[in-house]
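Visitor: Each chain, letter by letter, is given below.
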Amino acid sequence: MVRRILRGFPPVTAAVFILPVVVGLVGTWLPAFGYLPVLGQTSLTLAHWQFLFEHPSVPTATRHTLVSAWGSTLLSLLLALTILALTWRSRTLRWLRRSLSGLLAIPHAAFAIGIVALLAPSGWIIKLLSPDLTGWELPPGFSLVRDPMALSLMAVLTLKETPFVIFMALAALQQLQVEKSLRMARSLGYSEFMAWRRIIIPQLLPMLRLPLFAVLAYGISVVDMAMIVGPSAPGTLAVLVDRWFNHPDIFRRLPGSAGATLLLLITVVSLMLWWLLEKLWLTWSRRAWSSGQRHTALSWFARPAEGFSLLLIGSALAAFAVLILWSFAFRWGFPDALPESWSTRFWGRGWTRLEQPFWLTLWTGLAAAVIGLVLVVGCLEHEVTLRRRRPGYTGPKLFWLIYVPLIVPQIAFLFGIQVVLVWFNLDGRWLTLLWSHLMFVVPYLFLSLSGPYRSFDDRYARQAMLLRGNEWCPLWRVKWPMLLRPLCYVTALGFAVSLAQYLPTQYVGSGRFATLTTETVSIAGGGDRRLVGVYALIQWLLPMVIYTLALLVPAWFFRHRQGMKLQG
Amino acid sequence: MLQTRIPALAAVTFTLASITGQVMGDTRSWDEIVTEARGEQVFFNAWGGSDVINDYLIWAADELSERYDIDLEHVKVGDTGDVVSRVLAERAAGRESGGSVDLVWINGENFRAMKDEGLLLDPWTDQLPNFELLDFDNKPTLTMDFSTPVDNMEAPWGMAQLTFMYDSARVDTPPDSMAELLAFAQDNPGRVTYPALPSFYGTTFLKQAMLELADDPDVFYQPADETDTDTALEPLWTFLDDLHALAWQQGRSFPQDAPQMKQMLNDGEIMLSLSFNPNDASNAILTGELPDTVRTYVHSSGTLGNTHFVAIPFNAQAPEAAMVVANFLMSPEAQARKADIEIWGDPTVLSMEKLSTEDQQRFADIERGPAGLNDEDLEAVLLEPHASWVPMLEDEWQRRYAR
Numbered sequence: 001m002v003r004r005i006l007r008g009f010p011p012v013t014a015a016v017f018i019l020p021v022v023v024g025l026v027g028t029w030l031p032a033f034g035y036l037p038v039l040g041q042t043s044l045t046l047a048h049w050q051f052l053f054e055h056p057s058v059p060t061a062t063r064h065t066l067v068s069a070w071g072s073t074l075l076s077l078l079l080a081l082t083i084l085a086l087t088w089r090s091r092t093l094r095w096l097r098r099s100l101s102g103l104l105a106i107p108h109a110a111f112a113i114g115i116v117a118l119l120a121p122s123g124w125i126i127k128l129l130s131p132d133l134t135g136w137e138l139p140p141g142f143s144l145v146r147d148p149m150a151l152s153l154m155a156v157l158t159l160k161e162t163p164f165v166i167f168m169a170l171a172a173l174q175q176l177q178v179e180k181s182l183r184m185a186r187s188l189g190y191s192e193f194m195a196w197r198r199i200i201i202p203q204l205l206p207m208l209r210l211p212l213f214a215v216l217a218y219g220i221s222v223v224d225m226a227m228i229v230g231p232s233a234p235g236t237l238a239v240l241v242d243r244w245f246n247h248p249d250i251f252r253r254l255p256g257s258a259g260a261t262l263l264l265l266i267t268v269v270s271l272m273l274w275w276l277l278e279k280l281w282l283t284w285s286r287r288a289w290s291s292g293q294r295h296t297a298l299s300w301f302a303r304p305a306e307g308f309s310l311l312l313i314g315s316a317l318a319a320f321a322v323l324i325l326w327s328f329a330f331r332w333g334f335p336d337a338l339p340e341s342w343s344t345r346f347w348g349r350g351w352t353r354l355e356q357p358f359w360l361t362l363w364t365g366l367a368a369a370v371i372g373l374v375l376v377v378g379c380l381e382h383e384v385t386l387r388r389r390r391p392g393y394t395g396p397k398l399f400w401l402i403y404v405p406l407i408v409p410q411i412a413f414l415f416g417i418q419v420v421l422v423w424f425n426l427d428g429r430w431l432t433l434l435w436s437h438l439m440f441v442v443p444y445l446f447l448s449l450s451g452p453y454r455s456f457d458d459r460y461a462r463q464a465m466l467l468r469g470n471e472w473c474p475l476w477r478v479k480w481p482m483l484l485r486p487l488c489y490v491t492a493l494g495f496a497v498s499l500a501q502y503l504p505t506q507y508v509g510s511g512r513f514a515t516l517t518t519e520t521v522s523i524a525g526g527g528d529r530r531l532v533g534v535y536a537l538i539q540w541l542l543p544m545v546i547y548t549l550a551l552l553v554p555a556w557f558f559r560h561r562q563g564m565k566l567q568g
Numbered sequence: 001m002l003q004t005r006i007p008a009l010a011a012v013t014f015t016l017a018s019i020t021g022q023v024m025g026d027t028r029s030w031d032e033i034v035t036e037a038r039g040e041q042v043f044f045n046a047w048g049g050s051d052v053i054n055d056y057l058i059w060a061a062d063e064l065s066e067r068y069d070i071d072l073e074h075v076k077v078g079d080t081g082d083v084v085s086r087v088l089a090e091r092a093a094g095r096e097s098g099g100s101v102d103l104v105w106i107n108g109e110n111f112r113a114m115k116d117e118g119l120l121l122d123p124w125t126d127q128l129p130n131f132e133l134l135d136f137d138n139k140p141t142l143t144m145d146f147s148t149p150v151d152n153m154e155a156p157w158g159m160a161q162l163t164f165m166y167d168s169a170r171v172d173t174p175p176d177s178m179a180e181l182l183a184f185a186q187d188n189p190g191r192v193t194y195p196a197l198p199s200f201y202g203t204t205f206l207k208q209a210m211l212e213l214a215d216d217p218d219v220f221y222q223p224a225d226e227t228d229t230d231t232a233l234e235p236l237w238t239f240l241d242d243l244h245a246l247a248w249q250q251g252r253s254f255p256q257d258a259p260q261m262k263q264m265l266n267d268g269e270i271m272l273s274l275s276f277n278p279n280d281a282s283n284a285i286l287t288g289e290l291p292d293t294v295r296t297y298v299h300s301s302g303t304l305g306n307t308h309f310v311a312i313p314f315n316a317q318a319p320e321a322a323m324v325v326a327n328f329l330m331s332p333e334a335q336a337r338k339a340d341i342e343i344w345g346d347p348t349v350l351s352m353e354k355l356s357t358e359d360q361q362r363f364a365d366i367e368r369g370p371a372g373l374n375d376e377d378l379e380a381v382l383l384e385p386h387a388s389w390v391p392m393l394e395d396e397w398q399r400r401y402a403r
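Heads up: the protein sequence lines correspond to chains A and B, in order. In this text, residue positions in the first sequence follow the working numbering: the first is 1, and each later residue adds one. In this text, residue positions in the second sequence follow the working numbering: the first is 1, and each later residue adds one.
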């Protein structure tokens, strides 16, 4: 009975979320080759590709995209690994792990807005130092943000993505026998750093492949952060393409489609290259196993790991603090370290404006997270039942398709989806909105839950089954309670993913649904930093509350169970 | 299969829609339209970046609900291009009625695109009672929107004029022309900039410079392909080359738009900012966004002026109610409230002469803001150049400065 229900999960989950992407992609590829009948374009042509490749901004924009996306992915991996390796048994990691949920809850745009308010030439840091230390009565001429090399975009993306990589790595490390390996390595005379480099990381890297794919693909296609901290003349390729899709000249949507397709190609090639580099590195490091080298001077580079974790937490706290200051400011000029006059009117206004979007965001996010959880747990449990009969079974072959929405740039398929939804009269409905959010929530849930779920010791469940004789009871009474912590945690993650969706809400909602994110993006366009501060903070606080609940609920549930206390 | 059916279906139903549109225009009285509008919901897609504008629309929604039983929903959009895309998607999917957009805040290029592609309702604005009050005599941009004939397909909502701002605490005499702006930049290196193209703020700055610097500005009112564009634009590019060398970040970075420049003016990062609303600065002083020492100015040779409108898409769900909303937004009461700098400060499209004394008094009561200009200052208005120059400016700017 359970098995029959479970059998339906993988195909349903896959179909509901992949078909639309495919349809949407076709809806973008046709205009890219000149077919857009609504504008009277029906002949196939390569002219839009030519326009794209001859456009003066495209080469530099593409370089910005590659620099920021590749740079931030490599750096966040390096940072995450360094932090994990050098703080593995220290108090810092425990501290970092506790603040991880807060860091993950930060919406990308809010973080970027905070960082700009901090680091701009007239940002808080320079205000604090001026004019006493710097002598500047006016903001300096150089800028740490929006630099023409896209380095600040790379840095901000790195700061934002590193906690996610650490989070995924921690989940993966639970499945490796880290302590045992480290003890073994130590007994053979390897330094801790070398033990990580030679033993742990080669096992960890393949397990991090999918999360890193998501990070890399996100970096390539991100628009909002790139507009806030990225270069302006030109912007990144995603920004350029986004502009073409909104361009007053309606026919720019044709080269826009070609640009979106190019973005997709860049993503696919980048992921393949990443995979290749990973394989090369693994081969190389395998060869180095027999070198007998037990120490390396490289470890000195990794010394400031504690500093790195401080930087992660510090930058988030500082961004948070500067947003708070702005949200309570009335007048704040340069070089005042604190606002010259204060006001609570923006909180009053912000809240009356955001009350409705707040509830819509809350219910949509909770519904998406819970439905997503049911789907993902169903799929994973189905795997378990299959593995009981066929040991070594690793899940359906084509299931990786579920990650497609994370990897394909949103802009490359949303216009196509919009047309199809209007065609079937499905746009502007809450259920459609919910579905569009699930398209992104489900893969993230799968990504973060599959580790803990797969590594659950099935003997507990089998024992319970023997004692009770049915299949539901072991799940309800033994397995799921034991997995309560990761289940709650990924539900919060799913909520945060739903909350962050901007483009899907716009394209699918037909302007009928205002969420915290759409309202924040729209008010950010007006540039009133006091109000933007209020909006960004509310958008930040809601997922933070949900994450905190996700930590508190299991803690309360397990308050009488010593064995279920959080280790470390 | 799915795709090939669309154009045929769209063509047939579109003709039907045009016919019914005309019938409606010919036979129904305004009272009948108002009656039909009762109980309808109007989704007004308008830029949502400004708190004062959002506030104003909340007031309008309350009034409309009370007087006409219309439920006005402000759909806050970041970019009007999104709305054009949505209506385009609806056309592509063959939705010829019951569309998601009832009214859209629009002008210029977006209007031209929607008009050219037949995405707008047939001429309707002359049916509005308040149409009679519009100031056609003195405001040529009410009928020519960025060189596109309005043809009664969008209803005027407010007036705009390129206005510059400076902080009088930091600057004594602001520049009076583009040539003086260059000299100003020499004295204040790194403190002058303008928004990156294709933002329409940046495009407007370029158009202003283009018109001011040319020997014969008349060529810019003809289609661009009728003249030697290289020669015509040479003074502009020379000017920009010189300006960028002295500009904020040496012209390697630009702000995104005017709101960002307003922040930078507040912070002293730059000395001069720009806006399309002459009262923007006064309003920002009242809300604390700018210091009370900020003042505004226009170049003595005049600055670009235009009008912003509201339009109804061809497939609006409630076109009658949308018309009632447009008429209300054009009413003396709504226009006077909009022109009040404590509310929004957006200049009116109405002619004072055509108003009753009572309504005239509403406008006379409005105080000029701390940074406001008097009417004589704003008299010199430059008309928008021919639309074909815009893509040329944009492409060439990107080729030169954004590569």
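Keep in mind that the hints were calculated from the coordinates and are not lab data. All values derive from a computational prediction rather than experimental measurement. Any given hint could be a false lead.
Some chain A residues near chain B, calculated using beta-carbon distances under 8 Å [said to hold, decoys possible]: (1) S57; (2) S122; (3) I125; (4) S143; (5) S232; (6) F245; (7) H247; (8) G333; (9) F334; (10) D336; (11) A337; (12) G348; (13) L484; (14) R485; (15) P486; (16) I523.
Built from N, CA and C at the ideal position, the CB exists for glycine as well.
Visitor: Next step is simple, just say for each hint if it's right about the structure.
Guide: Evaluated hints:
A least Cβ separation of about 5 Å between A:S57 and chain B falls short of the 8 Å threshold, and the interface hint therefore holds. Because the smallest distance between the Cβ of A:S122 and any Cβ of chain B comes to about 3 Å, under 8 Å, the interface hint for this residue holds. Hint on A:I125 is violated. Least Cβ distance to chain B is approximately 13 Å, over the 8 Å limit. Among the interface hints, the one on A:S143 holds; its C-beta lies about 6 Å from the nearest C-beta in chain B, closer than the 8 Å criterion.
For A:S232, the shortest C-beta to C-beta distance to chain B is roughly 5 Å, which falls under 8 Å, so the interface hint holds. For A:F245, the shortest C-beta to C-beta distance to chain B is roughly 6 Å, which falls under 8 Å, so the interface hint holds. Interface hint status for A:H247: upheld, as the beta-carbon distance to the closest one in chain B is roughly 6 Å, under 8 Å. Hint status for A:G333: holds, given a least beta-carbon distance of 6 Å to chain B, under 8 Å.
With 8 Å as the threshold, the beta carbon of A:F334 comes within range of chain B, its nearest partner Cβ sitting at about 5 Å, so the hint holds. Interface hint status for A:D336: violated, as the beta-carbon distance to the closest one in chain B is roughly 10 Å, over 8 Å. Hint on A:A337 is violated. Least Cβ distance to chain B is approximately 14 Å, over the 8 Å limit. Checking A:G348 against chain B by beta carbon gives a least distance of about 12 Å; that is not within 8 Å, so the hint is violated.
The beta carbon of A:L484 comes no nearer than 39 Å to any beta carbon in chain B, farther than 8 Å, and the hint placing it at the interface is violated. Hint on A:R485 is violated. Least Cβ distance to chain B is approximately 39 Å, over the 8 Å limit. Hint status for A:P486 relative to chain B: violated, with the closest Cβ pair at about 37 Å, above 8 Å. Evaluation of the A:I523 hint against chain B yields a held restraint, the C-beta minimum of about 6 Å falling below 8 Å.
The structure shown violates the earlier hints numbered 3, 10, 11, 12, 13, 14 and 15.
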